[in-house]
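Participant: Respectively, the protein sequence lines represent chains P and L.
Under this note's numbering, residues 1 to 116 are what the first sequence spells out, in order.
Under this note's numbering, residues 1 to 113 are what the second sequence spells out, in order.
Hints were generated in silico from the structure; no laboratory data involved.
One thing to keep in mind: the hints can contain errors.
[Stated by the list, open to error] Here are the simulated DMTMM-like cross-link-like pairs (lysine to aspartate or glutamate), alpha carbons at most 25 Å apart as the crow flies:
#: 1; chain 1: P; residue 1: K9; chain 2: L; residue 2: E38
#: 2; chain 1: L; residue 1: K70; chain 2: L; residue 2: D26
#: 3; chain 1: P; residue 1: K57; chain 2: L; residue 2: D83
#: 4; chain 1: P; residue 1: K9; chain 2: L; residue 2: D83
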Amino acid sequence: DSGVTQTPKHLITATGQRVTLRCSPRSGDLSVYWYQQSLDQGLQFLIQYYNGEERAKGNILERFSAQQFPDLHSELNLSSLELGDSALYFCASSADRSISRTDTQYFGPGTRLTVL
Amino acid sequence: GEDVEQSLFLSVREGDSSVINCTYTDSSSTYLYWYKQEPGAGLQLLTYIFSNMDMKQDQRLTVLLNKKDKHLSLRIADTQTGDSAIYFCAETHYGGSQGNLIFGKGTKLSVKP
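Pulled out of the complex, with its shape left as it was, chain L reads as follows (with noise of 0.2 Å):
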């Protein structure tokens, strides 16, 4: 079956890192994704991986995927009040017919200044 996780809730202070978590189920080819929703606007894609790849790091942001425990986290290095946000991560399969975004609930990250 196709299950996304995270937990719910991350509270840091401006300046440390944050790291957001999720697991995923399915063991087929898969881009796994993440996206970001602030308040009352629409899902901005922030960064994705292909399972076939362990790491990605794109300016401040820092993917890891575990293959083995199907783990996937996002680091946000020095955390700013403007990354306040629900993050998702999503998963899709490559190459098959159907494109759809399995999400997770989401992780509400707050920052503390």
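Same shape as in the complex, but just chain P (with noise of 0.2 Å):
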């Protein structure tokens, strides 16, 4: 057990519709960082937060967005979802003690999204 947790485990959808990831990280760990993992991708980095700011953007959608709130935990918000959104959906949280400072990722379960 990593500690990052993830809900739900899995979710089932529609085309078009929206949803919202949740991520919980380690305990006292200021990053929080979204990761797809598909068939043809792979894994992939999404954004990252720190410590409750955008801090990094990589290959993600402007069908998506995500935020970090107060306490830390993260949501990421798919909107007009398409049969290609189907994926692993990852979280990962780290300590990052400083701006400057990457420290080892910690991985949550997952969540599984399938767009019918």
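Make one complex out of these two single chains by using the hints.
Facilitator: In structure tokens:
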């Protein structure tokens, strides 16, 4: 158990819908990362938040957004869903005690999203 | 540019050693990681090495780093059927403003009894 929790474990929805994935980082970790794992693209970085602020963006679609709350949990919002958005979405957290420091990332169990 | 490459499949017999290879292209100071993913599960951190090291050993796991060739390997001694999984090599940058991991496609290790 990494200490990172994600809910829900599975999500089935229809095209055009909007969903929210939730992540709680390890206690005390300031950074949260979101990754997407799909068969064709592999594991891709989407976005990082550090202590409530967006810090880095990867291959995140405009239909997707995220935020990190004062208690450091994070949510990933996916809207206008398409079939191709079906994937495993992972959250990871790391301590990153200062803005210039990158610590080991620990992953949650993931949310499997199926868009029908 | 940044790219991490791995072979896709490896099959070994139980009790043998497994060696999973990875190449990376970024030449700046970096951490290199090995993660394990079992079917239907998340990513489990196995071990990591900083780019100024040559080797790291942790029980049955040995990581070797050849900085000149930008080649990283993970050796699993006395491989067991429970080691069957997908192994991901990943890199990130130390001290940078972006800490995201760049992953390889993963190597699927099959262990035959």
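Participant: Looking back at the hints listed earlier, which ones does the structure fail to meet?
Facilitator: Hint 3 contradicted; others consistent.
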